[in-house]
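Using the hints provided, position chain C relative to the given structure of chain R.
From first to last, the protein sequence lines are chains R and C.
First residue of the first sequence: 0, per numbering that gives the first Met the number 0; consecutive thereafter.
First residue of the second sequence: 0, per numbering that gives the first Met the number 0; consecutive thereafter.
By construction, these hints were calculated from the structure, which means they are not laboratory data.
Hints may contain errors.
Repeated chains share a single entry, so a pair holds when one copy, or any two copies, can fit it.
DSBU-like, lysine-lysine: derived pairs with alpha carbons at most 35 Å apart [what the hints assert, rightly or not]: (1) K19 to K108; (2) K264 to K19; (3) K55 to K171; (4) K108 to K264; (5) K108 to K190; (6) K264 to K293; (7) K264 to K277.
Note that the structure is predicted; figures quoted are calculated from it, not measured.
Protein chains: 2
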Amino acid sequence: MSEVRSKAGLAKSVSSILNKLNTTQKNEALLAMADALVSRSADIIEANAEDLRRGKEQGTSPSLLDRLALNESRIEDIAEGLRQIVQLPDPVGDTLEVIERPNGLNITKIRVPLGVIGIIYEARPNVTVDAAGLCLKTGNAVVLRGGSSALSSNRKIVEVLHEAMTHTALPKDALQLIEDPNRSSVDEMLKLNGLLDVIIPRGGSSLIQNVVMNATVPVIETGAGICHTFIDASADPAMAEAICINAKVQRPSVCNSMETLLLHKNFAESHLEELAVKFQKSGVELRGCEETKKLVSWVIQASSADYATEYNDYILNVKVVNNLDDAMDHIAAYGTKHSECIVTESQDNAERFLQGVDAAAVYHNASTRFTDGFEFGFGAEIGISTQKLHARGPMGLPSLTSTKYVIHGNGQIRQ
Amino acid sequence: MSEVRSKAGLAKSVSSILNKLNTTQKNEALLAMADALVSRSADIIEANAEDLRRGKEQGTSPSLLDRLALNESRIEDIAEGLRQIVQLPDPVGDTLEVIERPNGLNITKIRVPLGVIGIIYEARPNVTVDAAGLCLKTGNAVVLRGGSSALSSNRKIVEVLHEAMTHTALPKDALQLIEDPNRSSVDEMLKLNGLLDVIIPRGGSSLIQNVVMNATVPVIETGAGICHTFIDASADPAMAEAICINAKVQRPSVCNSMETLLLHKNFAESHLEELAVKFQKSGVELRGCEETKKLVSWVIQASSADYATEYNDYILNVKVVNNLDDAMDHIAAYGTKHSECIVTESQDNAERFLQGVDAAAVYHNASTRFTDGFEFGFGAEIGISTQKLHARGPMGLPSLTSTKYVIHGNGQIRQ
Numbered sequence: 000m001s002e003v004r005s006k007a008g009l010a011k012s013v014s015s016i017l018n019k020l021n022t023t024q025k026n027e028a029l030l031a032m033a034d035a036l037v038s039r040s041a042d043i044i045e046a047n048a049e050d051l052r053r054g055k056e057q058g059t060s061p062s063l064l065d066r067l068a069l070n071e072s073r074i075e076d077i078a079e080g081l082r083q084i085v086q087l088p089d090p091v092g093d094t095l096e097v098i099e100r101p102n103g104l105n106i107t108k109i110r111v112p113l114g115v116i117g118i119i120y121e122a123r124p125n126v127t128v129d130a131a132g133l134c135l136k137t138g139n140a141v142v143l144r145g146g147s148s149a150l151s152s153n154r155k156i157v158e159v160l161h162e163a164m165t166h167t168a169l170p171k172d173a174l175q176l177i178e179d180p181n182r183s184s185v186d187e188m189l190k191l192n193g194l195l196d197v198i199i200p201r202g203g204s205s206l207i208q209n210v211v212m213n214a215t216v217p218v219i220e221t222g223a224g225i226c227h228t229f230i231d232a233s234a235d236p237a238m239a240e241a242i243c244i245n246a247k248v249q250r251p252s253v254c255n256s257m258e259t260l261l262l263h264k265n266f267a268e269s270h271l272e273e274l275a276v277k278f279q280k281s282g283v284e285l286r287g288c289e290e291t292k293k294l295v296s297w298v299i300q301a302s303s304a305d306y307a308t309e310y311n312d313y314i315l316n317v318k319v320v321n322n323l324d325d326a327m328d329h330i331a332a333y334g335t336k337h338s339e340c341i342v343t344e345s346q347d348n349a350e351r352f353l354q355g356v357d358a359a360a361v362y363h364n365a366s367t368r369f370t371d372g373f374e375f376g377f378g379a380e381i382g383i384s385t386q387k388l389h390a391r392g393p394m395g396l397p398s399l400t401s402t403k404y405v406i407h408g409n410g411q412i413r414q
Numbered sequence: 000m001s002e003v004r005s006k007a008g009l010a011k012s013v014s015s016i017l018n019k020l021n022t023t024q025k026n027e028a029l030l031a032m033a034d035a036l037v038s039r040s041a042d043i044i045e046a047n048a049e050d051l052r053r054g055k056e057q058g059t060s061p062s063l064l065d066r067l068a069l070n071e072s073r074i075e076d077i078a079e080g081l082r083q084i085v086q087l088p089d090p091v092g093d094t095l096e097v098i099e100r101p102n103g104l105n106i107t108k109i110r111v112p113l114g115v116i117g118i119i120y121e122a123r124p125n126v127t128v129d130a131a132g133l134c135l136k137t138g139n140a141v142v143l144r145g146g147s148s149a150l151s152s153n154r155k156i157v158e159v160l161h162e163a164m165t166h167t168a169l170p171k172d173a174l175q176l177i178e179d180p181n182r183s184s185v186d187e188m189l190k191l192n193g194l195l196d197v198i199i200p201r202g203g204s205s206l207i208q209n210v211v212m213n214a215t216v217p218v219i220e221t222g223a224g225i226c227h228t229f230i231d232a233s234a235d236p237a238m239a240e241a242i243c244i245n246a247k248v249q250r251p252s253v254c255n256s257m258e259t260l261l262l263h264k265n266f267a268e269s270h271l272e273e274l275a276v277k278f279q280k281s282g283v284e285l286r287g288c289e290e291t292k293k294l295v296s297w298v299i300q301a302s303s304a305d306y307a308t309e310y311n312d313y314i315l316n317v318k319v320v321n322n323l324d325d326a327m328d329h330i331a332a333y334g335t336k337h338s339e340c341i342v343t344e345s346q347d348n349a350e351r352f353l354q355g356v357d358a359a360a361v362y363h364n365a366s367t368r369f370t371d372g373f374e375f376g377f378g379a380e381i382g383i384s385t386q387k388l389h390a391r392g393p394m395g396l397p398s399l400t401s402t403k404y405v406i407h408g409n410g411q412i413r414q
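Chain R extracted, bound-state conformation:
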């Protein structure tokens, strides 16, 4: 039997035990895991050094190597993340609905774990701990398949977590790491119906598209974000500038940052030039439509492909539109239903935008950068769903649960 199938089988075999654990038992295990990461940090750093050495040999970029690198302070942060998960309320067992039927049946809808969750992700070893913590807190078993560039680190981290788990009520088989670095192990996970209840991909758009297009196991699609900010004619210029600069440059590499700035022509005529200079000074390359180029001659011409690109970088498309409808049409054509913003002093236009734009999060007068489980107050985030089923937007712990109807009768039969 393959590594993937046998490890997923082990994960599934303990899911009925996990299901029965109470919150205290799960929290005690998570705290033991956090402590173990800190006390074994030297070993983890040593394993991480192997990954870094291999990465350098293979010519990995310095920014990727930085994301991969662990040190004592980063490991302390990762352990602290686990301790924060301990503080969060446990959604499992919550009663969501009670239905009393005329025939005397009592129907209760309660939250239960999803079962076995597959997580497919890329380089960063912090995801290994974070995803494990969120899944285990919600009573799920988890099968992790991280990037091969972090394999030594991930292997050591899971070894340390497993050791910590052996002294707790949490069975160590609930946490599985797929070590096979070949693409075929991902392909096998995608088809593991009956063993995996859901797969959550975390990473760049090619990883996510591969999962979405090839999985037969249900998927929660996350992360792709071509986000827009529309500055309406009536926008407060200072607020508009602050919001759109923040949305682009505060952290361009993440999915909730802005890729295209839409401006009402009236606003553009009076303010685009000044705004363009500010973006330029922040190191942002601008690519504009023809109207943009008329107002700011030095801007590069944007192509249709540019509007469909998630740069995650210091590059911004700029488009001048005639009115709100044109802005909404552009968003409908190029958006990825992640986060969209209107800056306006018109309540009417704000309501039309918020109602009419189809996205996980729609903003009036605030930066799209707030689409995040922590910023929303969830205290955790397994990802940001850009699909419409099950969960949409930032996913906190309840997104990692399903429900079950529990029915109490006293002999009812159907007529």
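Just chain C, lined up with the frame of chain R:
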């Protein structure tokens, strides 16, 4: 462009209009559609006669022909179904959560339509109207792909509904029927990411498995039900008999009927023989384990494959088990996570079963036949989900919605 792609495109093109309709506008349209079905029933019956004639020529079984057949009274029932959907509360626009953040952001989670829903189903033309009504009530566009055996009926029904819609606020493009009877039109729907937001299959297990295993569009899996009833040692014999006879014979053809009866050995020793005779008198063929055959010699031997079969017929597997754990192990091995029942007077055993069995609906002392949107009081049902994502168990109107975060700010930017 193919029929499937062009019709799905039309459906998508009106989803922003649908999204804006208020409940009154949608209800007026549904009532007009119900009236039109009744007033045009002669035309519908004529079209249905064509399907019946073709079915007879092709040697379709009398029971299938009966499911396909329409008459005035059945059409009145179908129209009445639409009128009942009008009476149900509209979930779209409901506020599910309000979050006030320390930075002044106001985050509201509201229900929105899913968008465009694909329904793939088999013979019965009543599903055409029912599915259309449920999807439209929740502000969704719908692309229907019914069985080719009902094509004439479906075509006429949709023509009648379209005519009724032209006098209402509901755009007729919101309702699309795929007429291409080839399997390739189903295959195309399954890959229509970007145009369809979800596919819901309704039908037998081969239809559902084809959809689950081949769709790249998100799917809500419905319907497969290998349901068990476990009669514990302490069960009240009269109640146990009533529940298990009801679960098997009240309507064997449906997914929530019982396929396997599990009995505690103590109960079996004193009651199985009598029970077996009752099942036999109800026309049920019994297939039993070795212990069963020791107690009731005339029972046919059950195979492992029998335990994994959804008969939907007057056939029942019988298995004697040593205890509750063995019963739960059998259910974990052979169940489809649909509906499972324990009959017992032991509260402890009941709680262990309800907690430990992983299924959409778990029953204590009531027939599994109650797993149904109407019996649960939802007033409607688009299907019974047997997956864990998005919806589980009977799906009422809220299952046809997604959510959206609407964020009001006054210039907030992320630090």
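Hints, verified against the model:
1. For the identical chains of this complex, K19 and K108 are neighbours both inside a copy (17 Å) and across copies (31 Å), given an alpha-carbon limit of 35 Å.
2. Proximity of K264 to K19 under the C-alpha cut-off of 35 Å is restricted to the inter-copy arrangement: shortest distance 27 Å between copies versus 60 Å within a copy.
3. Taking the shortest Cα distances, K55 and K171 sit within 35 Å of each other inside one copy (33 Å), while across copies they are farther apart (60 Å).
4. In the homo-oligomer, the alpha carbons of K108 and K264 lie at most 35 Å apart only across protomers (32 Å), although the nearest pairing inside one protomer, at 52 Å, exceeds that limit.
5. For the homomeric pair K108 and K190, the shortest alpha-carbon distances inside one copy (30 Å) and between copies (33 Å) are both at most 35 Å.
6. Taking the closest pair of Cα atoms, K264 and K293 come within 35 Å of each other only inside a single copy of the chain (12 Å); across copies the shortest separation is 87 Å, beyond that limit.
7. When the C-alpha separation of K264 and K277 is checked against a cutoff of 35 Å, the pair qualifies only within one copy, where the shortest distance is 19 Å, while the shortest distance between copies is 80 Å.
In summary, this structure violates none of the numbered hints.
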